[in-house]
Amino acid sequence: MNEKVKERLLSVLCAVISIGLFLGFWWWGTQRTQLGKLLPDPGTVFTAMCGYITGTVGKCSLLMHMLSSLRRVLIGFVIGSLAGVSLGLLMGRYALARAVFNPLYRVIRPIPPIAWIPISIIWLGLGEQAKIFLIILAAFANTTLNAMTGARDVDPELINAARMLGAKEGQIFRTIVIPAAVPAIFAGLQVGISSSWASVVAAEMIKAENGLGWIIQAGMDNNNMSQILAGIIMIGVGGFALTCIMRTIEGVMCRWNKSGR
Amino acid sequence: MMKIINKKSKYTLISIASVVFVIAVWYVCINVLHLKAETVFPGPLTVVKTFVQKLYTKAPDGATLPVHLFSSLKVALLGYFLGVVFGVPVGIMMAWSKWVDRFVRPLFDLIRPVPGLAWIPMFILLFGIGIISKAAVIFLSTAVACIVNSYTGIRQTKEEHLWVGDVFGATNVQKLFRIAIPTALPMIFTGLRVAMGAAWMALVAAELLAASEGLGYMIQQGRYSSKPALVFVGMLMIGIVGLVLDTALHWLEKKVAKGMNAE
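In the order they appear, the protein sequences are chains A and B. 5 is the number of the first residue of the first sequence in my numbering; add one for each residue after it. 2 is the number of the first residue of the second sequence in my numbering; add one for each residue after it.
Everything hinted at is true.
In the PhoX-like style, the derived pairs of lysine-lysine whose C-alpha atoms are separated by at most 25 Å in a straight line are:
(1) A:K211 <-> A:K63
(2) B:K176 <-> B:K99
(3) B:K159 <-> B:K176
(4) B:K99 <-> A:K10
(5) B:K256 <-> B:K176
(6) B:K159 <-> B:K256
(7) B:K255 <-> B:K176
(8) A:K172 <-> B:K8
(9) B:K75 <-> B:K59
(10) B:K99 <-> A:K8
(11) B:K99 <-> B:K159
(12) A:K8 <-> B:K159
Just so you know, the hints here were simulated from the structure itself, not pulled from any lab data.
Given the sequences, and given the hints that come with them, work out the whole structure.
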């Protein structure tokens, strides 16, 4: 026990030293070298960020921008992952569904969601719909594959046992295939949420009036490095929060499985 | 036996039928019923025609498809190789040495949640819109994926195997190269493939934002000149190249990590 506490203290100490060194080096670079012309020092970025949170960037404060990005991600992710998981489960369980949908899915999957941005703008305009469409795609592409693998790799002995005990196909699907596929589905959802987050940032960089992607893009247009860095930090915080939330949900849903831990 | 073959060919037929059906519906909706103008949603024939034309014409974006493709590949592979050369050893060292882990890990955890393409504006301001800023974005995306997977791979090394190494008097370096790295090889390859996907995606994003050639630039120009057929061609190209790169890595994995795929 004592050993554990010591190890913890040591790693905290090392973390403080290494982050301190990093910030110190950054500060030294901006003060003493040519880098200072391009990059603000950490203190400036920090004050600027506090200013953005309490005050406004563009039309609203930094936190509101983050919320509007999050809102887009959540709407798109829920729709996309529901569609992806259902299609994936069907394709995993029924060879007929796989024969019909898999070739089409295989064409769509390798295209990164970001490459859809120009066509989504042509189809849906510059508004909210185009962005949500992208996130639906990002979530869909990642969850379908995992749900399919999950549903296909169900232990056949379980299914045969159920069939022997007289379970109908609907019962097998609901009570065996879906629960058994849950860990694989969550692996897909994890990838899907980070991919959605990256896509929303990209979509907002191309065209938006608010959101974190807009923040960094506008920072680039105004040559405002503090704004870009503040935006990047918030994007990191948002991405981290989303993964943590997904992991917590996974932990609750997959408590029976070792991948849920 | 006959029945299995029949069943298989039946499903292949269904697959072919489904693709043909979708293309037919696409053709009927656009070219027969004119539900959408071709300037919004091109018909299948237009897409094929545009693809063939684009192989040798430069309009409207100043380069042919092979030139765009080559320029994208050049940037992507440059950034990718730098990222792999940096990321894999760092991941291995972080997993192998407690001290490296303690110091590098906190910094890495700060960078990791930021998607690679969020760095694009910053790198464009720092390095301009040339090849360096794009390569830097791809480098970061690649390195993060490589570090995560190499780290996990080395950590999967069984302690018993290391004990065996100890018993036979292996040095630390020998244990690393003879036991840990071979164990981690499948995971490292997974990392290489994930990184390739991330690199390709970051490149497209960078080219959409600021570039003068490349596939991302081409589809952006297709939008500006409202030629959606060109956008379609570009998207399919991006998808196909991504798939080819992934298949190549998969093939390499099978060659190099032969017999190591056991979980």
